[in-house]
Amino acid sequence: MVRPLGFLVGLGFITALVLAIFTTPLSNEHNAAHDFHKEPKHLKLASDGLKPHWDKQQLQRGMQVYKEVCSACHSLHLVAFRDIGDLGYTEGQVKTFAKGFQVPSINPDTGEPATRDGLPSDYFPSPYANETAARAANNNALPPDLSLITKAREGGKDYVYSLLTGFQNPPANLPAELKPGTGLHYNPYFANLNLAMAPPLADGQVTYADGTKASVDQMAKDVTAFLVWTAEPKLVKRVQVGWAVFIFLLIFSGLTYLSYRNIWADKKH
-6 MVRPLGFLVG
4 LGFITALVLA
14 IFTTPLSNEH
24 NAAHDFHKEP
34 KHLKLASDGL
44 KPHWDKQQLQ
54 RGMQVYKEVC
64 SACHSLHLVA
74 FRDIGDLGYT
84 EGQVKTFAKG
94 FQVPSINPDT
104 GEPATRDGLP
114 SDYFPSPYAN
124 ETAARAANNN
134 ALPPDLSLIT
144 KAREGGKDYV
154 YSLLTGFQNP
164 PANLPAELKP
174 GTGLHYNPYF
184 ANLNLAMAPP
194 LADGQVTYAD
204 GTKASVDQMA
214 KDVTAFLVWT
224 AEPKLVKRVQ
234 VGWAVFIFLL
244 IFSGLTYLSY
254 RNIWADKKH
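My numbering applies: residue -6 is where the sequence shown begins, and numbers increase by one.
Please keep in mind that the hints were generated in silico from the structure rather than gathered at the bench.
What you are looking at is a predicted structure, and each value in this text was computed from that prediction instead of being measured.
Please note: incorrect hints may appear among the correct ones.
[Said to hold, decoys possible] Listed below are the simulated DSS-like cross-link pairs for lysine-lysine, each with C-alpha atoms no more than 25 Å apart in a straight line: (1) LYS230 - LYS31; (2) LYS44 - LYS227; (3) LYS144 - LYS49; (4) LYS60 - LYS144; (5) LYS44 - LYS230; (6) LYS172 - LYS37; (7) LYS144 - LYS230.
[Stated by the list, open to error] Here are the in silico distance ranges between beta carbons for each label pair: (8) PRO164 - SER246: 55 to 63 Å; (9) ALA169 - ASN123: 30 to 38 Å; (10) ALA169 - ASP79: 44 to 52 Å; (11) ALA169 - LEU112: 46 to 54 Å; (12) PHE239 - GLY174: 22 to 30 Å; (13) GLN233 - ASN133: 38 to 46 Å; (14) LEU71 - GLY247: 24 to 32 Å.
From the three backbone atoms N, C-alpha and C, an ideal C-beta is built for every residue, glycine too.
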């Protein structure tokens, strides 16, 4: 049987060892990167707050930026073409949009891999055949799928917006070990300051159908709003249902309390 004193000494040793492991100071390089890292800028969208709604015109602009810019490298494999009908497109427009994409298929005559025009039931296709091809085209970096990016990254929409607008030249006092190497680009909103993705946006890169000026900031806001929708397309409906349930419970609680007072009023007398 282990004596109490010996047990406590052993427990203390283990605790000290664990603390030593998890409180080891970070490397100088990591600390230096932290000094230059910036917190995301806040992006205000119509879908924020207690009474959110979708700005469908902005979402359509954001989808255009994704299609003409982001889709060259990033997939959106959890979103079906038919889903964009919720953004205000007609059935015919959805069919036309889907037809503009080539999706993987099988040649019925030969059984060989092939492609065909997209259908509303198809999902946004990946721009690469597989991960190996994706890495080969991006300096061995794997472009993430954007379907849930605003929920998968700390900072959400603010992080995505800040990253898209945060590319800049490295500051003069940046330590040599933190300067971007070959194929890397400086962005203080990225964790280690340098990422393989080149600045994806440039002023006037797209031509908006509604005449909105396509500045880098505007395109970043629009595509971020679109990616908020892809990550949680039922957000507005969920909040509306939540408010309805809250109001119901509030009224029900009030009626229950009044019933309680009415029932027990006679008992007190």
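Report task. Kindly confirm whether 24 to 32 Å is satisfied by the beta carbon distance between LEU71 and GLY247. Result -> 42 Å, violated
Query raised in the report: Taking 25 Å as the top limit, are the C-alpha atoms of LYS60 and LYS144 close enough?
Result: Holds, at roughly 21 Å.
Requested in this report: Could you check the hint for me, namely that ALA169 and LEU112 are 46 to 54 Å apart, CB to CB?
Outcome: The hint (46 to 54 Å, Cβ to Cβ) holds, given that ALA169 and LEU112 are roughly 53 Å apart.
Query - Holds or violated: LYS172 to LYS37, with C-alpha atoms at most 25 Å apart - result: Status violated; Cα separation ~32 Å.
Query raised in the report: Is it true that the C-beta distance of GLN233 to ASN133 lies inside 38 to 46 Å, as the hint says?
Result: Holds - the Cβ-Cβ distance for GLN233 and ASN133, about 45 Å, lies within 38 to 46 Å.
Query - Satisfaction of hint between LYS31 and LYS230, Cα-Cα up to 25 Å - result: Between LYS230 and LYS31 the Cα gap is close to 34 Å, so the pair fails against 25 Å, i.e. violated.
Query raised in the report: Within 25 Å, alpha carbon to alpha carbon, are LYS144 and LYS49?
Result: Holds - the C-alpha atoms of LYS49 and LYS144 are around 20 Å apart, at most 25 Å.
Query raised in the report: Given a hinted range of 30 to 38 Å, is it respected by the beta-carbon distance of ALA169 and ASN123?
Result: 36 Å, holds
Requested in this report: Given the range 55 to 63 Å, decide if the beta-carbon distance of PRO164 to SER246 lies inside it.
Outcome: 57 Å, holds
Query raised in the report: For the pair PHE239 and GLY174, does the Cβ-Cβ distance stay inside 22 to 30 Å?
Result: 53 Å, violated
Query - Hinted pair LYS44 and LYS227, Cα distance within 25 Å - result: Within the cut-off at roughly 14 Å; holds.
**Report entry** Restraint check for LYS44 with LYS230, where alpha carbons must lie at most 25 Å apart
**Finding:** The given pair, whose Cα atoms are some 10 Å apart, holds under the 25 Å limit.
Hint check: violations occur at hints 1, 6, 12, 14; the rest are consistent with the structure.
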